[in-house]
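With chain H fixed as given, assemble chain D onto it according to the hints.
Protein sequence lines, in the order shown, are assigned to chains H and D. Sequential numbering of the first sequence, starting at 0, is according to numbering that gives the first Met the number 0. Sequential numbering of the second sequence, starting at 0, is according to numbering that gives the first Met the number 0.
Heads up, a few of these hints could be off.
[As the list claims (entries may be wrong)] FRET-style restraints, in silico, Cβ to Cβ:
no., chain 1, residue 1, chain 2, residue 2, range
1, H, G315, D, F296, 33 to 43 angstroms
2, D, A241, H, T287, 23 to 33 angstroms
3, D, Q48, H, S101, 20 to 30 angstroms
4, D, R19, H, A304, 53 to 63 angstroms
5, D, R308, H, S101, 51 to 61 angstroms
6, H, L294, D, C263, 51 to 61 angstroms
7, D, D179, H, T311, 27 to 37 angstroms
[As the list claims (entries may be wrong)] With a Cα cut of at most 20 angstroms, we get these calculated DMTMM-like pairs of lysine to aspartate or glutamate:
no., chain 1, residue 1, chain 2, residue 2
8, D, K7, D, D183
9, H, K243, H, D209
10, H, K127, D, D52
11, D, K44, H, D279
12, D, K44, D, D15
13, D, K44, D, E28
14, D, K249, D, D183
15, D, K44, D, E21
16, H, K127, D, E219
17, D, K320, D, E219
18, H, K127, D, D20
19, H, K243, H, D5
To be clear, the hints were calculated from the coordinates, so they are not data collected in a lab. No experiment lies behind these values; they were computed from the predicted model shown. Positions of the beta carbon are idealized from the N, C-alpha and C atoms, including for glycine.
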Amino acid sequence: MSTDEDLYRTMRLIRRFEERAIELVHSGEIVGGIHPYIGQEAIAAGVCAALRDDDVITSTHRGHGHVLAKGSDPVRMLAELTGRSTGLNKGRGGSMHAADFSKGIYGANGIVGAGGAIATGAAWAAVKEGSDRVAVSFFGDGAVNQGVLLETFNLAALWRLPVLFVCENNGYATTLTIEQGVAGSITARAAAFGMPAVTVDGADARAVRDAAAEAVARGRAGGGPSFLECTAYRFDAHHTWEHKARVRYRADEEVAAGRSRDPLDVQGARLPEGARAAIDAEVEAVLTEAVAFALDSPAPDPAGALDHLYATGLRGRNGIGLFEGVR
Amino acid sequence: MARLSYLKALQRALADEMARDERVCVLGEDIGVGVNNVTTGLLAKHGPQRVVDTPLSEQAFTSFATGAALAGLRPVIEFQIPSLLFLVFEQIANQAHKFSLMTGGQAKVPVTYFVPGSGSRSGWAGQHSDHPYGLFAHVGVKTVVPATPEDAYGLFLTAIRDDDPVVLFAPAGSLGVRADVDMDALGPVPLGVGRVHREGADVTVVAVGHLVQAALDVAEQLSDQISVEVFDPRTLYPFDWAGLAASVNKTGRLVVVDDSNRMCGIGAEILAVAAEEMRLAVPPRRVTRPDGAVLPFARELDLAVQPQRDQLLTAVQEVYKSSR
Numbered sequence: 000m001s002t003d004e005d006l007y008r009t010m011r012l013i014r015r016f017e018e019r020a021i022e023l024v025h026s027g028e029i030v031g032g033i034h035p036y037i038g039q040e041a042i043a044a045g046v047c048a049a050l051r052d053d054d055v056i057t058s059t060h061r062g063h064g065h066v067l068a069k070g071s072d073p074v075r076m077l078a079e080l081t082g083r084s085t086g087l088n089k090g091r092g093g094s095m096h097a098a099d100f101s102k103g104i105y106g107a108n109g110i111v112g113a114g115g116a117i118a119t120g121a122a123w124a125a126v127k128e129g130s131d132r133v134a135v136s137f138f139g140d141g142a143v144n145q146g147v148l149l150e151t152f153n154l155a156a157l158w159r160l161p162v163l164f165v166c167e168n169n170g171y172a173t174t175l176t177i178e179q180g181v182a183g184s185i186t187a188r189a190a191a192f193g194m195p196a197v198t199v200d201g202a203d204a205r206a207v208r209d210a211a212a213e214a215v216a217r218g219r220a221g222g223g224p225s226f227l228e229c230t231a232y233r234f235d236a237h238h239t240w241e242h243k244a245r246v247r248y249r250a251d252e253e254v255a256a257g258r259s260r261d262p263l264d265v266q267g268a269r270l271p272e273g274a275r276a277a278i279d280a281e282v283e284a285v286l287t288e289a290v291a292f293a294l295d296s297p298a299p300d301p302a303g304a305l306d307h308l309y310a311t312g313l314r315g316r317n318g319i320g321l322f323e324g325v326r
Numbered sequence: 000m001a002r003l004s005y006l007k008a009l010q011r012a013l014a015d016e017m018a019r020d021e022r023v024c025v026l027g028e029d030i031g032v033g034v035n036n037v038t039t040g041l042l043a044k045h046g047p048q049r050v051v052d053t054p055l056s057e058q059a060f061t062s063f064a065t066g067a068a069l070a071g072l073r074p075v076i077e078f079q080i081p082s083l084l085f086l087v088f089e090q091i092a093n094q095a096h097k098f099s100l101m102t103g104g105q106a107k108v109p110v111t112y113f114v115p116g117s118g119s120r121s122g123w124a125g126q127h128s129d130h131p132y133g134l135f136a137h138v139g140v141k142t143v144v145p146a147t148p149e150d151a152y153g154l155f156l157t158a159i160r161d162d163d164p165v166v167l168f169a170p171a172g173s174l175g176v177r178a179d180v181d182m183d184a185l186g187p188v189p190l191g192v193g194r195v196h197r198e199g200a201d202v203t204v205v206a207v208g209h210l211v212q213a214a215l216d217v218a219e220q221l222s223d224q225i226s227v228e229v230f231d232p233r234t235l236y237p238f239d240w241a242g243l244a245a246s247v248n249k250t251g252r253l254v255v256v257d258d259s260n261r262m263c264g265i266g267a268e269i270l271a272v273a274a275e276e277m278r279l280a281v282p283p284r285r286v287t288r289p290d291g292a293v294l295p296f297a298r299e300l301d302l303a304v305q306p307q308r309d310q311l312l313t314a315v316q317e318v319y320k321s322s323r
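Looking at chain D on its own, in the form it has when it is part of the complex:
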């Protein structure tokens, strides 16, 4: 077993795929020097034809990657901040994603859009702190949010190998997570398969990204009163509804914790599907950012908007105590 950090896992995944497949190339801003530490060393190893430092032209280089993918390459784009995805929503949602259907299956667009540092990074304020994964799940772009180093490695690998566009959000809150892993056992993790991090009988907590660790803490804290099952969907689209149903049908109680906005968020979708299709004993709850939130700068305000452990703890207790 070796100690592997989440950030190092991302770096390793990209390096391994570039070594394995000549068609994989990476584009983005400040990736030559590796500002986010994911692309460190790749320029020296593979040269500027495969590690492309781009001008600040997000819309152009995003569709540039689409064209390169249509012509047979497998580009990975690193976005320095999640809000840049708003800028290139047209290029991803309206171009890359739609090519396969609109061409009657003639085209495939194997581009990975990668955000190493999504959500709050403390003090980065309104335009650097969003977590817009729900938008991509809504339009049907494959959307991945790994929570652990081994999943970061395995899901990044799978995203790059996938023949469709995939957005991979690495939450800023996860980058420092470390785990003891068997390096030889690292490998691709399939899209659409969730993971039960902790089994439980009373309440299912669905946690997205860095909130998996928060959910595990809460589960541990409540362990003498409530048996909490922690379910990590790992990919938000496709979502592992069967895996979630297996959990919810067992516990009958559901809480979702998701660090994105409440209205039309992924949490709303999870609750809706559970209400429609699963055996819920009591009404479910979700802990999210507020409706339409913009993250304020001051630390106290930033934290006030993000879902907190004590909110999750309270939600789990309330769901556990409530009855029809």
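Chain H with its partners taken away, still in its complex shape:
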């Protein structure tokens, strides 16, 4: 079981990764922007602390935290965000599609709720091969209104598959509040399919870890799917683009109140004297290396723009005459 230091280290890594990434968005090194995870770090850290390397996760647009907590190399992750060929996805995925199959990370996903069925299929494959691997699907509160996710709850519960659905309820689906978007309660929707569904404080990494560990153990033992709603507050914008768009949908008082309970402080307070500063310094060194690596890495060769389009290596036409000498 992960220690308080482990949990804090993961959360600090996610926090600083995000802060450095936002700087790189503002300096133009990260094109397209990111969906910051700041404020939700305890959820990724807590859930992934309950997982093994061979367990599978699917993630969301706001996926950096999940990918890092599951064990991906932050250096190659940052290189991916800057679109370098040294990145996790060789610069083909970027922030919204970061994936690392060596760590069971089937990727962040640009479509809300799309990862649920994919994770559930992976859980089925695990059962078929006789392993006790589990799969976790992370999604936001907006995703609970997606039909495919509700269909997936049915399949997972019906077939008692070892999948954990983790809803990160940060109160907003982009700018739509949960009150405007969700009828009834989120956990009641999951419970209606016959799976255990609980709500935990998503700012408390220990609480998340313990709830996830119980659900994961149930899944490994053949007890079927579970649902975990983690309440959280998104400290920053939905997307870095918001700063330019200047959209206003949260009162300053609300944001200040939300930020006042920082999950890093909650967890940091549990560390012995001096441990927090030591971990912070350790993480800082990693991020310094990551930024340098990302900026020093070569951009991909445009000639390879469609490399990997097919697993079989199929090449389509390029939009120019194929048969030389005909014209």
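Frame of chain H; chain D shown alone:
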């Protein structure tokens, strides 16, 4: 030689692949009892862990198959009607197809999406009668439309063995086709290789799926006046452009017959490539459903929308007579 029906060929292909490779499993609605007769007997033989009767949850089970494929299985999904592919376009075009590139080659998604009964089935009306293969070719999903029993067998085998997502459309109009085949010679047919069913010197007719038989009839009917070559692409993506060029560069004349909508259809693409890259002596023609068509219910109306043999015959005659 033995008599083999197209439907039986599909059934045999799936059964053979499931017996050959433990990783192959089949999912879909009503497949336990084998409503479409393709999965008949498989549940009894392989059990419910490999022959999975799914709830009516097309979007979920389509991406479920993606997850299973990413984890090492080779799922085949049977869709009871072609229009369900509209419902799962996100799961195929935007998820399964994009995984390989977006992950920088880390992932492969060997799922086969299989529609045993595409296009008009007489009286199944607007939402059961589409032939949406052009959509998949457009987004670059491997798209297969076999026309004969041996190709149905061989292309289904290849689709299941392929490491990328593949959609296989079995036209309703082909299911009853029978042919004398050498069973021992049945085997995989590569994607992207067309087939000349009948050689000719004057006009190339490209026919898709069940329209191959119509094209062969027309070729025979015109045989004393016009020498028609019938080219069956077999796979629409990847398309055998070199094979088509060999035919068109010989005949100089091209007609495409395709039972899907005209605007942005596969017929339009074939004409465009031929115009750009091949030696056409005269302007090409295509015989298709109308722009944006929805198949009406009444038999007379249904037939009025589908490409007909006499339309193809007229098109071939007109192309043959025309000159620059």
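Results of checking the hints against the structure:
1. Distance hint check for H/G315 and D/F296: the Cβ-Cβ separation is about 38 angstroms, which falls inside the suggested range of 33 to 43 angstroms.
2. Between D/A241 and H/T287 the beta carbons are some 53 angstroms apart, a value that contradicts the proposed interval 23 to 33 angstroms.
3. A hinted range of 20 to 30 angstroms for the beta carbons of D/Q48 and H/S101 is consistent with their spacing of about 28 angstroms.
4. Between D/R19 and H/A304 the CB atoms are about 37 angstroms apart, so this pair departs from the stated range of 53 to 63 angstroms.
5. The hinted range of 51 to 61 angstroms is satisfied by D/R308 and H/S101, whose Cβ atoms lie roughly 56 angstroms apart.
6. Against the hinted window of 51 to 61 angstroms, the Cβ-Cβ separation of H/L294 and D/C263 comes to about 43 angstroms, which falls outside the hint.
7. Between D/D179 and H/T311, the C-beta spacing of about 33 angstroms keeps the proposed range 27 to 37 angstroms intact.
8. With a C-alpha separation of about 15 angstroms, the suggested pair D/K7 and D/D183 falls inside the 20 angstroms cut-off, and the hint holds.
9. With a CA separation close to 39 angstroms, the supplied pair H/K243 and H/D209 exceeds the 20 angstroms bound.
10. Under the criterion of a C-alpha separation no larger than 20 angstroms, the hint pairing H/K127 with D/D52 is consistent with the structure, at around 16 angstroms.
11. Under the criterion of a C-alpha separation no larger than 20 angstroms, the hint pairing D/K44 with H/D279 is inconsistent with the structure, at around 59 angstroms.
12. For the hint pairing D/K44 with D/D15, the CA-to-CA distance comes to about 12 angstroms; that is within 20 angstroms, so the pair holds.
13. Taking the CA atoms of D/K44 and D/E28, the gap is near 18 angstroms; set against the 20 angstroms cutoff, the hint holds.
14. The suggested pairing of D/K249 with D/D183 is violated, with an alpha-carbon distance near 34 angstroms, which exceeds 20 angstroms.
15. For the hint linking D/K44 to D/E21, the alpha-carbon distance of about 13 angstroms falls within 20 angstroms, and the restraint holds.
16. The suggested pairing of H/K127 with D/E219 is violated, with an alpha-carbon distance near 53 angstroms, which exceeds 20 angstroms.
17. This hinted pair checks out: D/K320 and D/E219 have alpha carbons roughly 18 angstroms apart, not beyond 20 angstroms.
18. For the hint linking H/K127 to D/D20, the alpha-carbon distance of about 14 angstroms falls within 20 angstroms, and the restraint holds.
19. Between the alpha carbons of H/K243 and H/D5 the distance comes to roughly 36 angstroms, so the proposed pair goes past 20 angstroms and is violated.
The structure is inconsistent with the numbered hints 2, 4, 6, 9, 11, 14, 16, 19, although it conforms to all the rest.
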